[in-house]
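J.: First to last, the protein sequences are chains A and B.
First residue of the first sequence: 1, per the working numbering; consecutive thereafter.
First residue of the second sequence: 863, per the working numbering; consecutive thereafter.
The set of hints was computed from the structure by calculation and includes no laboratory data.
Source: prediction; values computed, not measured.
Accuracy of the hints is not assured; some may be wrong.
To be verified - Ranges between beta-carbon positions, derived for each pair:
| hint | chain 1 | residue 1 | chain 2 | residue 2 | range |
| --- | --- | --- | --- | --- | --- |
| 1 | B | Met958 | A | Ile226 | 35 to 45 Å |
| 2 | B | Pro920 | A | Glu534 | 30 to 40 Å |
| 3 | A | Asp225 | B | Thr970 | 50 to 60 Å |
| 4 | A | Glu191 | B | Asn908 | 54 to 64 Å |
| 5 | B | Thr970 | A | Thr592 | 36 to 46 Å |
By construction, the Cβ of each residue, glycine as well, lies at the ideal position given by its N, Cα and C atoms.
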Amino acid sequence: MKTAIRTLFNFIHGNPEGKTEAVDTFLNKSEEFRLLLSANGKALELMAEMTEAAQTGLPSGITRVRAYSVMVASSVRQMIERLCLMAPGKYDGLRDVFNDIVLAMDQAFAGPSAPAKGPVVLALRQVRAKDMPETGSKVALLGEIRSELGLEVPHGFAITASAFRLFLESNGLDDEIGRLTQIHDGNSLTELTELGRTIRHAVDMAPMPPELEEAVEAQCERLGDIRFAVRSSALGEDSEQAGFAGQFQSVLGVRPSQILDAYRTVVASMYSATALTYVRNRGLREDEMVMAAGCMEMIDAVAGGVIYTRPPMGHSDGSLIVTAVPGLPCAVVDGSSLVDSWTVNRETGRVLDRDVAEKEIRFVLASTGKIRKEKLYGGRQLAPAISDGDAERLAAMALRIERYFGRPQDIEWAKARDGRIVILQCRPLTICDPVQPAPPVDEESRGMALLSGCIPASPGAAAGYVVKVETEEDMFRFPDGAVLLARTARPQLSALLPRAAALVAEFGSSVGHLANVAREYSIPALIGAPGAVERLAGVGMVTVNGSSGTIYLGRRQRMIDREARPPARSRTTDVGLALQGVLKHITPLNLTDPDSPEFRPENCRSLHDITRFCHEKAVFEMFAQGDRPLAGARRLAGERAMQYWLVDIGGGTRGSGGTKSITIEDVCASPMRALWYGMMAIPWEGPPAPRMDGFMSVLTSAAQNPALMPGARNDMGERNYFIVGRNYCNLQSRFGFHFCTIEGFAGDDPNSNYALFQFKGGGASLDRRHARSKLVAEILERRGFIAEIREDALFARLEGVTRRAVEQTMAILGYLLMHTRQIDMSMADPGTVIRYRDKFEADIETLLDGLDAELREGGCAA
Amino acid sequence: MKKIRLLLVDDEADFRTAYARRFVRRNAEITQAASGQEAIDKIRENDFDVVILDVMMPEMNGIETLRRIKAIDPTLPVIILTGHADSKVLIQGMDMGAFDFLLKPVGTDELYFKVLDAVRSRHRVQP
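Based on the sequences and whatever the hints tell you, model everything.
T.: Structure follows, in structure tokens:
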């Protein structure tokens with residue numbers, strides 16, 4: 001490329017000095033203009049994407065929003081730099097305006113300022129509800145019920161939010177996580193898994209602050225040689241807006257010496273693909289996630305489980321549900337086992353009903369501190385995990401907790417060997433809106449039931465193809481809108497729930513994590529569906545009724561409509577708010593009238609204003625200026641060339657330059673002759689039906705449609721300029737909303753030769769314009785171009801080829817310029833796209849056959 | 863045709879290797895530098911057409927490196943390519959005369975075109 005320019009300068013050198021200088025200036029200006037247009041396109045495209053994200057309410061993370069904002073700012077700054085180079089000293093004030101807007105954008109991102117630094121650990125017995133900002137709600141509420149209700153909770157301590165911030169800041173981990181999140185740009189499960197892996201690695205490698213090590217050591221000395229459960233207690237976790245159910249890891253059976261390793265694991269679990277998916281779907285700010293942890297003594301439980309103080313499915317029948325398994329309660333929450341359940345009357349405190357499940361396994365705490373899975377034999381599978389008396393005792397405790405906090409609760413408990421009940425955690429319970437009792441199932445539906453009597457875990461009905469998920473591979477392959485079928489209701493599956501139509505799991509319970517998340521997302525779910533995997537595998541489309549616990553073959557549209565529930569309440573998310581805040585400084589367009597005296601840099605109040613200003617001024621500097629060498633521009637005479645002007649920068653035309661017009665016959669630059677030939681050789685015939693001259697009519701009709709015009713047009717920009725030299729041609733065309741640059745150098749040294757094509761705009765919708773760009777790119781790539789498409793903008797370059805190849809290319813570019821202009825309107829239909837491609841290829845063949853003769857005629861054949 | 867001499871400055875070896883590999887089939891000859899100081903030394907000893915520069919590097923950061931590069935050769939175009947979306951760094955870098963400011967990840971084509979633009983720009987800013 002460099003050589004190309006040098007060669008170009010060399011042949012210009014033969015001209016009188018003054019003219020050379022003017023030509024240099026003009027060429028530089030033209031290059032700056034080209035870069036400015038490219039930056040303009042990119043800025044507008046990024047603005048469009050941000051606006052769309054704000055409208056759909058699905059911005060994917062604050063890191064991405066920030067990256068987009070800086071990318072827009074960078075493109076706008078690029079425009080300013082280009083404009084300042086086009087007209088030195090004239091527009092320097094734009095930089096200050098730009099800087100002010102960018103600083104205001106930064107303000108829009110600032111979250112709440114970090115609180116004052118507190119202690120890195122807190123003994124559990126000192127913790128109260130007010131400590132929530134340091135300990136997270138899980139630990140704070142445990143401390144509260146211990147001190148206020150006298151309930152038993154485990155011994156232990158909390159690693160605080162201050163400790164987390166210290167950990168992240170002391171070793172630059174916060175910056176590193178931000179960087180990794182940005183460079184792993186993407187939302188698919190594969191990409192998030194990879195991102196999670198690299199962040200976890202960074203967390204593993206980061207040194208622990210000595211202050212934290214010492215504090216944890218002191219707590220462990222106080223508590224003696226016990227085994228800990230290290231549990232996540234993230235700030236905001238367990239809140240009613242975002243439960244994070246089961247997203248974060250707990251580490252069980254931890255020795256005192258391993259606590260900091262376990263803490264690292266808990267911190268890293270904030271960045272699992274599952275948690276990242278959840279955070280993004282909920283619109284939470286990942287830069288404000290804070291992981292506190294509870295380090296609590298493990299209870300050697302004979303039984304444990306979960307209490308729901310109201311039925312989570314929303315049938316408010318005055319009951320309370322206690323679930324239990326033998327051994328440690330981990331099997332309840334992770335959905336790996338069936339559970340026993342008791343229904344207790346909230347008024348009388350008496351057991352109304354019990355459902356004893358066939359439990360195959362239990363988890364126990366081995367003397368080594370390890371968690372061991374045991375198979376249950378003999379009659380023990382069917383023995384109830386606790387007595388009715390225990391269930392009533394638990395219910396009474398649960399109601400005290402509910403009364404104290406004034407809302408329904410989800411409580412995890414364990415029963416120690418000596419019969420003590422220990423509360424492991426409590427949190428507000430997400431309850432579905434009450435559902436109408438299901439109408440009697442119609443005969444038709446009953447006949448089609450594949451499976452009934454499954455345990456409803458989230459109401460509603462939905463249909464989809466059944467897709468079984470067993471391995472991680474299966475998770476990556478899971479298609480949108482399918483019914484997720486799993487053996488056990490593992491919390492990891494929650495990453496798929498936003499994309500699933502419904503959930504069916506054989507094992508697990510309606511009080512587990514996965515059920516919670518299904519309810520948060522309003523996806524029908526059945527958990528506890530024995531035999532589902534065998535019965536449903538390979539049957540195709542099913543309808544899952546999460547209210548009645550039945551699965552039907554095929555799509556039962558009437559049932560789906562009948563069970564229709566209000567969509568999950570959409571709320572303005574933290575990320576959404578930040579995005580809206582920053583967009584106020586980006587997208588509003590205040591400068592609309594370029595002829596108004598208000599059209600000045602200091603009146604630019606948004607980045608959009610600056611792009612508008614730069615664009616308008618760049619067009620002015622490029623084309624409307626009366627200065628050299630455009631003063632020497634000659635109009636290209638001829639019936640179909642009303643709007644074309646030509647500037648000869650040296651050796652491109654024959655005869656004297658003194659006339660005001662010139663004919664194509666006087667042009668001897670072969671790239672220009674080839675380009676012109678390509679533009680004119682084959683008459684344009686495609687839609688809309690040509691009136692008068694096809695090409696001009698399209699321009700006229702497009703120009704008359706105000707809907708297609710972003711802002712007022714600058715009439716001076718309507719001219720299309722050919723800049724020619726002996727072996728060089730550049731065409732800049734601008735038709736209102738439509739830009740194109742074609743450039744070519746065709747000399748004897750292939751190293752200097754190149755062709756370039758840039759194309760943007762159109763009147764159709766973006767997807768159609770994009771389809772058109774793709775079609776053009778495909779044709780050019782087949783001829784050796786490197787092509788890139790951004791939205792509807794196409795950038796293509798060909799380099800290092802023979803003179804003949806450049807000439808052929810110029811003819812093809814000329815042809816494509818004329819023949820692809822309006823086809824974006826009909827690009828929605830794939831058949832049409834193929835028809836156009838075939839026609840273009842055939843036309844190009846014809847065109848190239850006649851090219852050599854044309855060039856010989858022009859006297860520019862090599 | 864003549865190769866573009868490109869200096870790629872980034873403390874992350876994986877990143878340098880990845881881009882070097884992706885540029886192999888392009889018309890560019892890549893020299894790598896793992897730190898700002900190494901970049902300065904190489905620029906003193908060799909001629910380059912363009913520099914791609916990371917920002918967050920230990921010891922000498924990218925902005926300081928840019929300042930020194932511009933002191934040695936004001937016309938050498940420098941493209942900042944960073945994993946940190948920081949608008950203050952954008953402003954500093956552009957004020958200091960960076961040719962462009964890009965965020966990772968950037969597609970190979972997009973980066974290559976920027977490199978070509980930057981190389982062309984050098985000949986225009988020269989008086």
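J.: Are the hints correct? Go through all of them and say.
T.: Going down the list of hints, with the structure as the test:
1. Met958/B - Ile226/A: 35 to 45 Å: The hint (35 to 45 Å, Cβ to Cβ) is violated, given that Met958/B and Ile226/A are roughly 58 Å apart.
2. Pro920/B - Glu534/A: 30 to 40 Å: 57 Å, violated
3. Asp225/A - Thr970/B: 50 to 60 Å: 57 Å, holds
4. Glu191/A - Asn908/B: 54 to 64 Å: With Cβ atoms ~38 Å apart, the hint is violated.
5. Thr970/B - Thr592/A: 36 to 46 Å: Because 39 Å falls inside the window, the suggested range holds.
In summary, the numbered hints that this structure violates are 1, 2 and 4.
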